[in-house]
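**Q** This is what each chain is made of:
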Amino acid sequence: MTIKEIQEEVIKEFEKLNNELEKYNYLIILGKNLKSIDPKYKTDDYLIKGCQVNTWYHSECKEGKIVYEVDSLSLITRGFISLLLRICSAQKPEDIQNTEFYFIDKIGFKNQFSPLKDNSLFKLINKIKTDAVSGSRMKQNKN
Amino acid sequence: MKINNHLDITKIRNDFPALNQKIYGKHLVYFDNAATTQKPKIVIDTINKLQSEHNSNVHRGVHYLSDQMTQMYESARKKVQDFLNAQYVHEIIFTKGTTDSINAVAFSFGEAYIKEGDEIIVSEMEHHSNIVPWQIMTKRKDAKLRVIPFDDNGELLLEEYKKLINSKTKLVAIVHVSNSLGTINPVKEIIDIAHKNNIPVLIDGTQAVQHEKIDVQDIDCDFYCFSGHKIYGPTGIGILYGKERWLKEMPPYQSGGDMIDRVTFEKTTFAELPAKFEAGTPNYIGAVGLGIALDYLTNIGLNNIQNYEKELLEYGANKLKEIDGLKIYGMAKNKTCLFSFLLNNIPPYDTGIILDKMSIAVRTGHHCTQPLWDHYKVEGSVRASLAFYNTFEEIDYFCEALKKVQKMFS
Chain A
11 MTIKEIQEEV IKEFEKLNNE LEKYNYLIIL GKNLKSIDPK YKTDDYLIKG CQVNTWYHSE
71 CKEGKIVYEV DSLSLITRGF ISLLLRICSA QKPEDIQNTE FYFIDKIGFK NQFSPLKDNS
131 LFKLINKIKT DAVSGSRMKQ NKN
Chain B
7 MKINNHLDIT KIRNDFPALN QKIYGKHLVY FDNAATTQKP KIVIDTINKL QSEHNSNVHR
67 GVHYLSDQMT QMYESARKKV QDFLNAQYVH EIIFTKGTTD SINAVAFSFG EAYIKEGDEI
127 IVSEMEHHSN IVPWQIMTKR KDAKLRVIPF DDNGELLLEE YKKLINSKTK LVAIVHVSNS
187 LGTINPVKEI IDIAHKNNIP VLIDGTQAVQ HEKIDVQDID CDFYCFSGHK IYGPTGIGIL
247 YGKERWLKEM PPYQSGGDMI DRVTFEKTTF AELPAKFEAG TPNYIGAVGL GIALDYLTNI
307 GLNNIQNYEK ELLEYGANKL KEIDGLKIYG MAKNKTCLFS FLLNNIPPYD TGIILDKMSI
367 AVRTGHHCTQ PLWDHYKVEG SVRASLAFYN TFEEIDYFCE ALKKVQKMFS
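Chains as they are written, first to last, in this note's numbering: chain A, 11 to 153; chain B, 7 to 416.
If you're looking for bench data, these hints aren't it; they were derived computationally from the structure.
Heads up, some of the hints might be wrong.
Covered by chain B, per the in silico footprint, the following chain A stretches (three or more residues, Cβ under 8 Å) [to be verified]: (1) 34 to 42; (2) 69 to 79; (3) 82 to 94.
Result set (DSSO-like, lysine-lysine): computed pairs, CA atoms no more than 27 Å apart in a straight line [unchecked claim]: (4) A/K116 / B/K32; (5) B/K32 / A/K33; (6) A/K26 / B/K28; (7) B/K413 / B/K168; (8) B/K383 / A/K133; (9) B/K363 / A/K116; (10) A/K42 / B/K410; (11) B/K339 / A/K127; (12) A/K127 / B/K383; (13) B/K28 / A/K59; (14) A/K45 / B/K410; (15) A/K26 / B/K410; (16) A/K22 / B/K363; (17) B/K168 / A/K42; (18) A/K52 / A/K72; (19) B/K410 / A/K120; (20) A/K33 / B/K383; (21) B/K363 / A/K133; (22) B/K363 / A/K26; (23) A/K26 / B/K413; (24) A/K45 / B/K168; (25) A/K120 / B/K32; (26) B/K327 / B/K363; (27) A/K52 / B/K383; (28) A/K116 / A/K52; (29) B/K410 / A/K33; (30) B/K145 / A/K33; (31) B/K168 / A/K120; (32) B/K333 / B/K273; (33) A/K26 / B/K409.
Glycine included, each C-beta is placed from N, C-alpha and C at the ideal position.
Based on the sequences and whatever the hints tell you, model everything.
**A** Quick look at the structure:
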């Protein structure tokens, strides 16, 4: 599936939920089911700085694609991570770097990703995109 | 339903427009008063009126509007003097807020009195704004910062404090009420101990002035600081009270217009107090707004407020005790109506987000007191900080909401 198709799929899933609490409940469920990060990356070196809750991030380029591992103490953040990884996993770096993650606004969580707020998940999106850019460069250099 | 005999809470709530709104379709429960308090309509209306009809720069204008605004600005200073029972009106300096007030003292006091090897005492429960300015100053002066520890209940260890005092100690800077735990520190005793050793004391009163009557002459502090927006006044205005003898001796913190006597390219002489510490155009409308907020509180009566908030504290503490898995941080015998807690192993951030969706405003995280949370070896807490416009019914709703949060994360 393309990034756009997965985003549309996520939007449809959230449309079935009736209110804010149901949406967060769904995120919590997603968060509980997210695979934990490899313990070797659960150190201060891999923390995303500026998040209110400890959130660890690691990515590497494997066979032309970026593999992300992200984890958080917050189940809600883990829910968001789960959605982002579902959208970005197994995608080409150049597709990720050019993506507008419009699903965030559509499902009603724009505030959680606002660059204006100190503790927002904007930093996570930035990292995902920045690494996609460097992944894309590595790929070009190989070619 | 519990009824308070001294305050008509329904009437009081009607004075605060922000409280009478719905968030996500439900009535707002505002429990984030330690971050900022809501403003009574009279403060909001006064500011609007001043901006639209009376705006004019103060002090040097010769025209009607400037005269009027100057009188209002200086009358606000007099109100603050009365509110704190300061000896002289020129001991009241208008600042941007507590952070600005503490920075002013840290710089000016440091310049005047601190030399290599000297020591400043703070406590383990200080807000960052009463740590970092001292750190910067002591680094600049090659001096040292010493720290009074607290016990697990959140009470300062006064015996340890006494041990820290020595001939190198030049100032003690202590928070009156902890913004993270609600502990009311025994400032009078702390000041007395310091004064017996001829050491001045700065009190950060940001979380105290809105909850109890402060008398700076009675507690005998040398400096007292607070912010307007945390005492039902506007943002961007704060107070530095300083005893005349210190303010006279200390050099200015900032310089520019209004704080001078005579300027030549060779030399500048400074204005008398309080102007010496108020460089540039002051926030005169904020100052007048703060004066109105103080009038409002004085009319209600700080004793009435204190008594009612004690009832809220007792009621809330008992209700929260009934919730299994809720751990309160800050169990001092003497505390304000503030509940800092963790719910099971749920990160505060998650609890705060879900409470928000139930229209409850709390604060989560370290509350700008990271060393305090290092003591407890946790990252932070959920903080519910109540004010005199909060109700017993809101506490009931809050406790039910916490149980729902527990269910969602179980």
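**Q** Give a verdict on every hint.
**A** Taking the hints in turn, this is what the structure says about them:
Figure legend: the segment 34 to 42 of chain A, annotated as covered by chain B; annotation consistent (3 residues with Cβ-Cβ distances under 8 Å, at least 3 required). Only when three residues or more bring their CB closer than 8 Å to a CB of chain B does the claim for the segment 69 to 79 of chain A stand; here the count is 0, and the claim is violated. Coverage of the segment 82 to 94 of chain A by chain B holds in this model, with 5 residues showing a Cβ closer than 8 Å to a Cβ of that chain against a need of three. Taking the CA atoms of A/K116 and B/K32, the gap is near 23 Å; set against the 27 Å cutoff, the hint holds.
Proposed proximity of B/K32 and A/K33 is supported: the alpha carbons are some 17 Å apart, at most 27 Å. Taken as a hint, the A/K26 and B/K28 pair is honoured in the structure, with Cα atoms around 25 Å apart against an allowance of 27 Å. Taken as a hint, the B/K413 and B/K168 pair is broken in the structure, with Cα atoms around 47 Å apart against an allowance of 27 Å. Our distance criterion of 27 Å between C-alpha atoms is met by B/K383 and A/K133, whose separation comes to about 26 Å.
Under the criterion of a C-alpha separation no larger than 27 Å, the hint pairing B/K363 with A/K116 is consistent with the structure, at around 18 Å. Simply put, A/K42 and B/K410 have alpha-carbon atoms about 18 Å apart, close enough for the 27 Å limit, and the pair holds. Between B/K339 and A/K127 the CA atoms are separated by roughly 36 Å; this puts the pair beyond 27 Å, and the hint is violated. Between A/K127 and B/K383, the direct Cα distance comes to roughly 26 Å. Compliance with the 27 Å bound is thereby established for this hinted pair.
Our distance criterion of 27 Å between C-alpha atoms is broken by B/K28 and A/K59, whose separation comes to about 34 Å. About 26 Å separates the Cα atoms of A/K45 and B/K410, which keeps this hinted pair within 27 Å; it holds. As the CA atoms of A/K26 and B/K410 are separated by approximately 22 Å, the hinted pair is consistent with the 27 Å bound. As the CA atoms of A/K22 and B/K363 are separated by approximately 22 Å, the hinted pair is consistent with the 27 Å bound.
A C-alpha spacing of about 50 Å is found between B/K168 and A/K42, which places the hinted pair above 27 Å, so the restraint is violated. Of the pairs offered as hints, the one joining A/K52 and A/K72 holds, with about 21 Å between alpha carbons and a cut-off of 27 Å not exceeded. Restraint check for B/K410 and A/K120: the C-alpha separation of about 24 Å stays at or below 27 Å, so the hint holds. Note on A/K33 and B/K383: the hinted pairing is violated, with a Cα-Cα distance of about 32 Å set against a maximum of 27 Å.
The hinted pair formed by B/K363 and A/K133 meets the criterion: a straight-line CA distance of about 23 Å does not exceed 27 Å. For the hint pairing B/K363 with A/K26, the CA-to-CA distance comes to about 18 Å; that is within 27 Å, so the pair holds. For the hint linking A/K26 to B/K413, the alpha-carbon distance of about 22 Å falls within 27 Å, and the restraint holds. A C-alpha spacing of about 52 Å is found between A/K45 and B/K168, which places the hinted pair above 27 Å, so the restraint is violated.
Taken as a hint, the A/K120 and B/K32 pair is honoured in the structure, with Cα atoms around 21 Å apart against an allowance of 27 Å. Using a Cα cut-off of 27 Å, the hinted pair B/K327 and B/K363 holds, with the two alpha carbons roughly 23 Å apart. A hinted pair counts as satisfied when its Cα atoms are at most 27 Å apart, and A/K52 with B/K383 qualifies at roughly 18 Å. Annotation: proposed proximity of A/K116 to A/K52 is violated, straight-line Cα distance about 32 Å (limit 27 Å).
A threshold of 27 Å between alpha carbons decides the hint, and for B/K410 with A/K33 the separation of about 15 Å falls inside it, so the pair holds. A C-alpha spacing of about 49 Å is found between B/K145 and A/K33, which places the hinted pair above 27 Å, so the restraint is violated. A C-alpha spacing of about 52 Å is found between B/K168 and A/K120, which places the hinted pair above 27 Å, so the restraint is violated. At most 27 Å may separate the alpha-carbon atoms for a hinted pair to count; B/K333 and B/K273 exceed this at roughly 60 Å.
For a cut-off of 27 Å, the pair hint linking A/K26 to B/K409 stands: about 25 Å separates their Cα positions.
Of the numbered hints listed earlier, those contradicted by the structure are 2, 7, 11, 13, 17, 20, 24, 28, 30, 31, 32.
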